[in-house]
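**Student:** Sequence:
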Amino acid sequence: MISPRVTILIPVHNDEQYISKAIDSAVGQKYQGLLQVFIVDDGSTDDSWKVVNNLFEEVVEKRVVSDLELKSGKYKGVQLTAVKRPLAGGPSAARNTGIKLTINHTDVYAMLDSDDEFYPDKVRKCVNLMSSNPQLIGAVYADYDTYDTKTGKTIREFKEPFNRRRLVEECIVHSGSVVSKAALESVVEETGYYDELMRTCEDYDLWMRISEKFIISHIPEALTFVRVTNESSTATVDQKIWQQNWLRVMEKLHQRENEI
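For the sequence shown, the positions run 1 to 260 when my numbering is used.
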């Protein structure tokens with residue numbers, strides 16, 4: 001059996017402090033199949049792009065695609081590609097850019113935020129579970145450890161087994177989950193795979209749409225290290241925007257239900 005081709009997709013915006021740690025965790029995966037790491041710099045104004053560029057040990061390609069600067073090569077023996085968007089469009093736009101540029105040679109995506117880290121078995125365990133029934137399982141999520149940079153405390157976040165009714169009530173699926181190409185292609189909208197009109201809750205919206213067509217499975221084990229910083233969306237995005245985006249998720253859900 002051929003192992004799925006995996007892309008670890010990392011959007012970054014002004015995260016020069018942690019982006020290299022995220023990338024190191026990505027290239028350090030204990031996955032035996034074909035794996036690439038794809039970074040999308042969403043118009044950073046700090047040194048994030050410089051930090052990423054300095055990681056390349058071998059550069060195979062440099063070119064401009066539309067208005068995107070693209071660089072591809074190797075880092076610690078793993079295929080590494082970095083794309084820079086000239087202007088910030090938000091996390092949805094950054095992820096959509098990465099998906100569009102890789103979807104023809106990717107079977108599974110692992111979504112990693114630029115200030116988080118995957119534990120070494122993250123991709124292997126999630127892909128193995130997904131591969132047990134790829135026609136039904138569209139996404140896999142797991143528990144994670146949350147590290148508060150203010151207090152220095154780490155808390156284990158135990159996520160509950162998937163239940164769609166609970167998902168409608170609350171986003172029980174972590175943003176840094178693993179999702180199949182088939183699932184993404186089945187739910188793409190005019191606003192993208194991720195809804196580019198949303199600044200927050202864009203992952204919640206995606207999981208909601210995927211859960212209507214696929215099973216979402218849970219691994220009861222911490223597989224991601226999540227940092228809570230002053231730059232996290234929970235700290236930087238106005239509460240009104242959170243409420244507006246959550247309402248958009250619900251409105252889209254009701255609209256889809258009415259169309260059935």
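Hints are computed from structural coordinates only; laboratory data are not their basis.
Nothing here was measured: the structure is a model prediction, and the numbers come from that model.
Among these hints, one or two may not hold up.
Said to hold, decoys possible - Ranges of calculated distance between the beta carbons of each label pair, as one might list FRET restraints:
no., residue 1, residue 2, range
1, Gln243, Pro120, 33 to 41 Å
2, Glu251, Arg63, 34 to 42 Å
3, Glu16, Pro220, 33 to 41 Å
4, Ala88, Glu190, 17 to 25 Å
5, Ser3, Glu61, 29 to 37 Å
6, Arg165, Asp238, 38 to 46 Å
For every residue, glycine included, the Cβ atom is placed at its ideal position computed from N, Cα and C.
**Student:** A separate judgement is required for each hint: does it hold in the structure or not?
**Tutor:** Verification of the supplied hints:
1. Gln243 with Pro120: 33 to 41 Å: Once the Cβ atoms are compared, 38 Å apart, the range 33 to 41 Å for Pro120 and Gln243 holds.
2. Glu251 with Arg63: 34 to 42 Å: holds (40 Å)
3. Glu16 with Pro220: 33 to 41 Å: Cβ of Glu16 to Cβ of Pro220: about 34 Å, so the range 33 to 41 Å holds.
4. Ala88 with Glu190: 17 to 25 Å: Check passed, 21 Å falls within 17 to 25 Å.
5. Ser3 with Glu61: 29 to 37 Å: At 25 Å between Cβs, range violated.
6. Arg165 with Asp238: 38 to 46 Å: Cβ of Arg165 to Cβ of Asp238: about 30 Å, so the range 38 to 46 Å is violated.
Violated hints, in rising order: 5, 6; the structure is consistent with all others.
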